[in-house]
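Protein sequences, first through last, are from chains A and B.
Counting along the first sequence from 1, when you hit position 89 you're at 89 in the working numbering, and nothing is skipped either side.
Just add 1000 to wherever you are in the second sequence, counting from 1, and you've got the working numbering.
Derived by calculation from the structure, the hints in this document are not laboratory data.
Just so you know, these numbers come straight off a predicted model, no measurement behind them.
One thing to keep in mind: the hints can contain errors.
Claimed, not checked - To spell it out: a stretch of chain A is covered by chain B in this simulated footprint if at least three of its residues, at any positions, have a beta carbon under 8 Å from a beta carbon of chain B; those stretches are:
| # | segment |
| --- | --- |
| 1 | 16-30 |
| 2 | 39-50 |
| 3 | 101-115 |
Quick reminder that beta carbons are idealized off the backbone N, C-alpha and C, glycines included.
Protein chains: 2
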Amino acid sequence: MQDHVKIHIDEADVKALQDTIYVIGGKWKLPIIHSICNGNKRFTDIEQSIPFITKRMLSLNLKELEANKLITRKVDVDASTNIEYEFTEYAKEYGTLITYMIEWGKKHKRVIVENS
Amino acid sequence: MQDHVKIHIDEADVKALQDTIYVIGGKWKLPIIHSICNGNKRFTDIEQSIPFITKRMLSLNLKELEANKLITRKVDVDASTNIEYEFTEYAKEYGTLITYMIEWGKKHKRVIVENS
DNA sequence: CAGTATCCCTGTGGATACTG
DNA sequence: CAGTATCCACAGGGATACTG
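Please work from the sequences and hints to get the whole structure.
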C-alpha cells in the first residue's frame, strides 16, 4: 500500500513554500497577528499585549507584514500621532491557509506525543 | 465590507502554527523532502542531489523528519551499510497541507510583484 | 505616541576532519 | 557508506537609549 507515497514537489515549489513560511515565520509574526485579531490597532496597544516583545521587533515585523499586504498602516489626519494597523481583505485568503496549518499542528502534536 | 476581517487565533493556535512551520522550516527540510520525492533513498544519494548541503545538516534534518514521523530509517539486514529513508503514510496528510502552502506562496508572489 | 539607532549576545548553520 | 565531532562565522534578535 505504501510502496510509493508521492508528494510531488519541484524546485519552484520549494521556493514558494519557503516564501509562504517566511511571511508568518519567526518568533513574533503570529503573536502580532493574534494581537490585531483581538482588536488591537495601535502600536503601543499591540506592544503591551505581547509579553516580552520590544519596540524594535514590533516595528520590524509590522513593516514586513505591511510589505506582504497582510496589514495596512493608516495615519489618522485629525490626530497625527494616531496610527492604526488593520488587516487587509487579502489577509483573509491567508486566514484559510493559517487555519489548515493550525489544525495540522494540533493533530500532529497528538500523534507525536502519543507515540513517544 | 472589510470593517472586520476576522482571523480568530488564540494562544494555543499560535503554538500549533509555529509547530507546523517548524516541521518543514529551515533551509534544508524542503529540499530533502523534494529529494526523497524524486526517488532518492540513501544518505549519499540525497546528499549529492542537494547542492551545497553538508553531511552534518543532512544528518540533523533527517533525524528531525524522522522524529516527526514523516520519514522512516530502515537498515537493510543483508547489507549492513545500506540504509534507506522513505516517506511514511502519515507524511501524506502533510502533503495535502504542503500543496496548499505552495499554491498560496505562488499566488502571493504574483500579488507582491504586480503591486510593487 | 510611535518609532530609530546602537551595541551586544546567542544560536543556527558552515567547514573540515574523523570513524564504525 | 553513513554518519560524528569540533570549531567557527555570521545573522537575527535582545537591551537600552534616543527622537520627531
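Hints, verified against the model:
1. 16-30: Result for this restraint: holds, n = 10.
2. 39-50: violated (count 0)
3. 101-115: holds (count 12)
When held up to the earlier numbered hints, the structure conflicts with hint 2 and nothing else.
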